[in-house]
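Trainee: Chain by chain, the residues run as shown.
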Amino acid sequence: MEIFLQACVNGLLMGGFYSLMGMGQNVIFGVMKIVNFCHGEMLMVGMYLTYVLSTTFGLDPYLCVPFVAIIMFCLGAVIQHTLITPSLGTKSFTNLLFLTVGLGLLLSNGALVIFGSEYRTIPTSYAQTYIGLGPVNIALPRLISFCVLVVISVVLFAFLKYTTTGKQIRAVSQNPVGAEVVGINARRIYILTYGIGTALAGVAGALLTGFYTIFPTAGASFGFRALIVVVVGGLGSIPGAFFAGIFLGLLETMVALFISPSYSDLIVFITFIVILVVRQMIIIRRK
Amino acid sequence: MSNTPIIEVQHITKRFKGLTAVKDVSFSIREGAITGMIGPNGAGKSTTFNMICGYYPPTEGRIFFKGQDITDKKAHEYTNMKIARTFQIMKPLKNLSVLENVVASCYFGHAAARSEREARERAMEILEFTGLFDKRHILSKDMGTPDQKRLEMARALATKPELLFLDENMAGLNPAETEAAIELIRQINRSGVTIFLIEHIMQAVVSLCEEVIVLHHGEKIAEGTPEQVMNDPYVMEVYLGTKGGAAHA
Amino acid sequence: MSENVKAVRAYRRNVALALGLLLLVFVLIPVFVKSPYILNIFVLVFYMSTLSMAWNLLGGMTGQNSLGHAAYMGLGAYASCLLITKAGANPWLSAIFGMVVVGLVAGVIFYPCFILRGPYFTLVSIAFGEAMRQFIINSTFFGRASGVGLPFGRDSWLDFRFGSKVPYYYVGLAMVLLIYLLMKKIERSRMGYALRTIREDEDAAAAIGINPTKYKIMAVVVSAMVAALVGFFYASYIRYIDPDLMVQAKSTESVLPAVVGGAAYVEGPLVGGLIMIPLSEFLRARYSAMLPGINMLLYAIALLAVIRFRPTGILGWYMHSKTKKFVDEKLLRKPPVEVFEAVELQKRGGKEA
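Protein chains in written order, with the working numbering: chain R, 2 to 288; chain L, 10 to 258; chain G, 483 to 835.
Simulated from the structure, these hints should not be mistaken for lab results. The structure displayed is predicted, hence computed values, not measured ones. By construction, the Cβ of each residue, glycine as well, lies at the ideal position given by its N, Cα and C atoms. Hints may be right or wrong, so weigh each one.
What the hints assert, rightly or not - What the simulated footprint calls covered on chain G by chain R, stretch by stretch (three residues with Cβ under 8 Å from a Cβ of chain R suffice, anywhere in the stretch; the number is not a length):
id: 1; region: 577 to 586
id: 2; region: 773 to 785
To be verified - Covered by chain G, per the in silico footprint, the following chain L stretches (three or more residues, Cβ under 8 Å):
id: 3; region: 85 to 94
id: 4; region: 158 to 168
id: 5; region: 186 to 194
When you get a sec, could you build the whole thing from the sequences and use the hints?
Mentor: Spelled out as structure tokens, the structure:
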């Protein structure tokens with residue numbers, strides 16, 4: 002029972018990251034209808050950014066979060082403006098797909114060239130601090146990260162729901178032509194959206210550094226899980242992404258606990274395929 | 010002229026999540042004729058059309074083709090039954106030349122070409138017939154609306170249909186182009202193809218169709234010859250305003 | 483009219499001559515080049531281009547962007563290797579076995595997936611590839627993470643086993659040619675038209691009587707079988723396979739030659755492969771000790787540059803360039819398209835005077 006509870010908590014804490022990644026991916030997909038295949042690499046960039054900030058300025062990883070968010074937002078905006086927006090015009094889905102795939106390659110191999118392939122960590126005084134919660138022990142960095150990302154999720158949700166810019170983003174994702182007709186500058190929204198998506202991935206990376214090793218391909222598994230989250234949680238739905246992320250985290254730990262840790266990836270992928278196909282079949286039936 | 014209608018639609022209804030787009034519509038299409046369907050925007054014309062073409066099934070009701078129930082046939086099975094359609098929003102194969110567009114069609118349907126040579130030969134004939142011959146090497150995305158509409162028809166004809174469904178094939182054309190399109194449709198009809206069309210342009214429907222069906226709010230409100238329909242007081246009220254007969258171009 | 487016929491014949495002869503010369507160069511390379519390093523690069527070009535052609539049938543021609551081709555290749559390699567090592571079967575028969583297995587697996591798995599349109603197919607192909615890899619890592623039968631090795635021994639055509647790289651070079655060259663001809667044949671056939679129609683618009687395809695699911699399945703099966711063939715070739719060449727063969731990055735690598743070369747053309751992967759792979763190998767050999775990842779970084783930059791500035795790839799750019807015009811008119815003496823049509827019509831007994 003204790004092991005079960007512990008696994009639940011671990012799954013929940015990990016799931017939070019998948020949620021955050023999924024929400025970033027969801028904002029991008031919702032607005033531009035493109036799958037951002039370098040989302041995981043953005044997380045990895047966020048990790049290295051945190052690493053650089055904390056080693057050069059001696060900042061605590063959690064204090065780096067706002068800086069990472071700002072830098073990553075700018076990076077995303079630049080990428081959107083120089084690469085993605087021009088390619089949106091060609092209306093070639095293949096090209097857009099491989100544009101983001103190529104960006105992913107660029108980022109992960111760029112990191113490999115700059116930092117090498119060794120694993121890095123950011124040592125903190127509280128890395129090994131555990132908080133007892135009844136029968137469950139929680140590592141302090143994981144708990145802090147989780148709290149921060151829940152706050153971010155709520156802020157993101159409120160931003161999209163209540164602010165004018167948020168409403169504009171939702172308008173563009175509903176109907177880009179209609180949004181332009183009522184005077185929304187779609188290009189500006191694209192830049193904003195990709196910036197926000199990238200910043201969310203970067204922040205997820207920054208929050209991970211407290212307890213996760215940093216290496217050039219660290220983002221890959223998170224990147225694909227973000228896609229799973231988006232598809233399972235429903236395209237465009239921020240709360241859906243949040244809960245799908247938690248679900249995915251729990252699923253992983255449960256498989257690891259009850260079957261075998263080495264099967265968790267396999268089962269996650271198969272579950273994903275099954276959910277996707279079954280849901281699509283239901284949609285077709287309904288039509 | 011046979012007495013069984015080529016298409017018989019019996020009490021079809023289509024509901025999308027509680028919204029009833031088409032409600033209990035029945036009509037039939039006579040073989041060899043040109044039948045038109047008109048109605049204001051949102052009357053359910055396109056929905057009806059898509060159901061008959063197998064694009065999606067009706068919620069209720071049946072559709073018969075020469076007495077055979079085709080309600081559950083899939084869209085891709087229609088050309089094998091010698092039925093072809095065009096799309097209101099043109100769907101040219103953008104990155105293929107006009108010729109290749111038509112060649113692709115020649116390869117499928119009940120009279121599918123068996124060799125590349127046969128397909129190309131037939132495609133050339135159809136391009137000549139539809140007046141696109143001189144543009145055969147242009148990429149279809151580089152053509153204007155009138156030519157893309159023609160290409161839609163050429164692609165449908167390449168499957169050698171007996172029955173052709175035209176979905177607003179003259180929308181967006183100027184009067185001269187409309188006139189040319191009307192002439193082409195007449196020619197197709199004279200070559201023995203039954204035609205069912207939905208159209209916004211009154212002038213086209215009046216001059217082309219032998220029978221007209223009027224939809225409004227998803228229901229059939231009138232049917233008959235163009236004169237009968239135009240003089241129907243209810244039709245005049247909901248569709249034509251009070252003027253009656255005025256072109257709606 | 484007879485002048486037209488002459489012009490067309492002269493052009494065809496020129497093209498055949500040019501292609502024959504090109505082929506001759508490739509056939510003669512191992513006679514003059516003895517360096518195993520260079521030959522290795524050519525073998526790499528051959529099998530990666532073939533894999534990329536397999537991808538291109540699905541991605542470029544059908545518009546279904548797969549990111550799981552490394553998995554088909556890996557699975558094909560595993561199926562044929564295991565048949566060789568566990569059952570002692572002949573490698574050539576094992577190759578066929580591997581292709582059939584992978585074709586079946588791909589067909590069965592993707593049949594339900596083809597109700598999904600757009601990005602979903604890509605996602606499923608990634609998930610499928612990862613699931614396959616994880617399955618192999620966890621399966622004792624497949625040798626887990628440590629992989630499967632093929633026996634070494636005397637040179638033998640029957641066992642497709644050689645110490646020298648030259649036989650692999652020729653088999654690789656034959657494989658490229660064969661698959662190229664197959665793809666060219668498909669492109670011109672009914673299937674090719676169906677696939678391209680599906681790529682442009684699935685509704686339009688259905689409206690002219692194409693069953694989109696059927697043709698997409700055909701495409702994925704053929705594509706996966708070719709990838710399996712490449713897997714067999716790879717395994718016989720390297721003589722060792724492990725699950726790393728199936729990682730996501732390998733699938734991406736298989737796409738690059740096609741997209742850089744021009745995904746809309748059957749020749750795209752060949753052009754892309756011939757340019758990109760030697761470049762990447764050169765960089766890897768030269769700099770990877772100092773800067774690991776530099777070759778993939780170059781790949782990424784080339785990919786981004788092509789997509790950003792030449793969205794139709796190198797061939798797409800060439801097809802509308804002055805160079806092509808020059809080559810066609812001056813070197814090959816290509817007559818205008820009307821001349822071709824006139825000849826075509828005349829052959830059929832001629833409707834036109």
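Trainee: What hints, given by number in increasing order, does this structure fail?
Mentor: The structure conflicts with hints 1, 5, although it agrees with all the remaining ones.
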